[in-house]
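Asks: Residue-level listing of the chains:
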Amino acid sequence: MIKVRNLHKSFGEHCLFKGIDLDVARGEVVVLIGPSGSGKSTFLRCINGLEAFEQGEIHVDGIALHSLNRARPTHKDREAIRQVRLRVGMVFQQFNLFPHLSVLENIIEAPMRVLGVGRKTAEADALAFLSRVNIAGKQGRRPDNLSGGEQQRVAIARALAMKPHAMLFDEPTASLDPEMTGEVLAVIRALVNEGMTTLISTHEMGFAREVADRVLVFADGDVIESGAPEEIFTRPTHERTRTFLSRMLKKL
Amino acid sequence: MVLFAMVRHKASTLYLLLTLTLVLSLFTSSLAATKSTVAEIKSRGVLLWGSDAEGGAPYVFPDPKDPSTLIGFELEIAEAVAKELGVKAQLVQTAWDSLVPALERGDYDMAMNGLEIIPEREKKVLFSRPYYVYTLQLMVRKDEQDIKSIRDLSGKRVGTLAGAVAHETLKKIGNVDIRSYSAAWPYEDLALGRLDAVFLDTPITVYYGKPEVRLKYAGPPEGEGFYGIAMRKDDGELKKVVDSVLERLLRTGELKRMYEKWGLWDKAQAKLSNFSAASDAGSRFRMESADAPLHTFFPLLLKGAAVTVFLSVSSMALAILFGIWLTLTRLYGPRAAGVAATAYIEIYRGTPLLVQLFILYYGLPNVGITLSPLAAAILGLGMNYAAYEAEVYRAGMEAVPRGQMEAALSLGMGRALALRRIVFPQAFRISLPAVTNDFIALFKDSSIVSVIAMVELTKTYGILAATTLRYFELGLITAVLYFGMSYPLSILARKLEKKLKGQK
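Going line by line, the protein sequences match chains W and X.
According to my numbering, the first sequence holds residues 1 to 252 in order.
According to my numbering, the second sequence holds residues 253 to 756 in order.
Some clues are possibly wrong.
Straight-line distance between alpha carbons at most 25 Å, and here's what the computed DSS-like set of lysine-lysine pairs gives [claimed, not checked]: (1) K138(W) with K485(X); (2) K120(W) with K138(W); (3) K163(W) with K138(W); (4) K423(X) with K408(X); (5) K508(X) with K519(X); (6) K138(W) with K519(X).
From the derived model, a few chain X residues whose C-beta atoms are all more than 12 Å from chain W [stated by the list, open to error]: (7) E331; (8) L501; (9) G505; (10) L626; (11) G666; (12) R667; (13) R672; (14) P677; (15) K750.
It is worth saying that the hints were derived from the structure and are not from the lab.
Predicted model only: the values in this text are computed from it and were never measured.
Cβ coordinates follow ideal geometry from the N, Cα and C atoms, glycine included.
Go ahead and model the full structure; you've got the sequences and the hints to work with.
Replies: Below is the structure:
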């Protein structure tokens, strides 16, 4: 489903990724953990083309992204990225709802304008997604009248409305109060249980352990360790993984 | 909303469209005609003549009894010339010191406003035979003891008209602190002690200086010279007509009757100097000005206000369109175009609007582009404000968080769609207060275009006030008119802002 080969990425002089490989199978849930600044977010953003990379390849559903290191991508490159984005939904740490549109308009905007879905169908779909993320009845509100947890669930509904084949969650609960974290995680959990191919970067270790098929540990732009959650959380092989996990546990 | 609702196609199409519109509007201009001027006057049925009615008594000025009609001895001469040609005379209001350049660029067929026949001017224009013998009169305060003639002016503050022979005469004395005035005559400043003397043409002195009781003449009139009607160098045919009219007026005694009526027939016209005969013409004029009921000024002021509104709305529309284009070019255009747009913004913000207007109006004719005063005014204000608008829009665009664009892209939207549907509407809300502010500022700045022969509200006020000296009452009325127009705008903007905020 998603295949990453030899990914290199740097920010100016600073070299972040020096060759990452990853295969994600359909329906697989991969959780990315590691300290802040270790490259989890950048990795996710590379997959749907929000970040360019210098070297390597990314295949999503058979679409190849590789020449994205150019300063000015061609029309073909842009179209390839767009096709990937149509198949991979993304949820951001800061929600990024459109503040000038209502909840309903936030959700139907892309299906109507990008996929050409009719308004009636788009609205019916949107309402269905809203009840799926437990937020039915608030379709007329403006985003800033919602709590953080509600906003993030609308953002999830907005991504799902494009009927993606896979979902990327970039620290979906990092800007939320603890009491709202649970409601967002519940929605993601339900989605994962339905078999959605999912990549999540998170600091919620309990949640990671619970939903992950596989855990990747990032440190300084490297995947230093990867494996089943039980292995990583109980028998980490890498010293840095141990340090990171103990620090995370202390926080709890 | 309106701005961005227009953006219906892809950003690139929009870009092209805007570019085209702007280029077209830039080059829509009337080019100088090639027909002979006399033939053209006859075919258009109007003789256009340039003059400055601001502080223009007794040459040409609004009638104190009916400010919407102009009167004056030069107006009568212009009408006599027009009659000879079988057409009507129409005045083109132009600042005095711009009369010659405006004639050269073809704003009118002839200029007449106490233009002295001097070699410097003769190099540029063709003068008719003289129609008036002017002298220059020095005035001082009643209590002045030291200044008895212009030879006593060393080290003194003296008011005069910039560019006139009086001005040149003062310069030749040396060590005179010359203060230049253009239309609001300096007699009030002299009476108040801001000046030590005023040195101006006798007709001006008779109408504006003499009636001032705190002042007196210092010595006899100085110098003597001729006023002539100025025409373009190649208009010999028109000169023949003008000369024959002047010659006839003089021969039949018509000119003398005219000057006597205006209190200007002095012995200087017969090479003698005695101005006492002229004394009460000015006082009469002053009294009539003071007695004119205020409401008689309204039609003219309202007409000026209408011009101001039209000017402001048109130039703001241009500024907004051009500003959007500059912003798009800067943010999404080719690199070279972006650099050019940035340079444009910096240059237009870094140079005075006045200079830009002069270049546009008097400079461009040198390369064959002659804009009408209205076109130059709208273009000048619009191009200047576009630079400020572009900055406002850029700030607005940059204030929209990056995450908005990213979220839109991640939903599969193209960049153009994301800009149009997600970024622009938010940038517009952020920019709105600044745009309203700019509009109100432009509304008031529009008064500056009077320098290029546009008679809008402020200029109308200037003409009426300088002639009647009723600066205070007319000023209040003018201020109320401006406020009455700009305040509703502020309220509207505030309402709109509130509404948009509520929508958020």
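Asks: Checking each numbered hint in turn, tell me which of them this model violates, lowest number first.
Replies: Numbers 1, 6, 11, 12, 13 and 14, in rising order.
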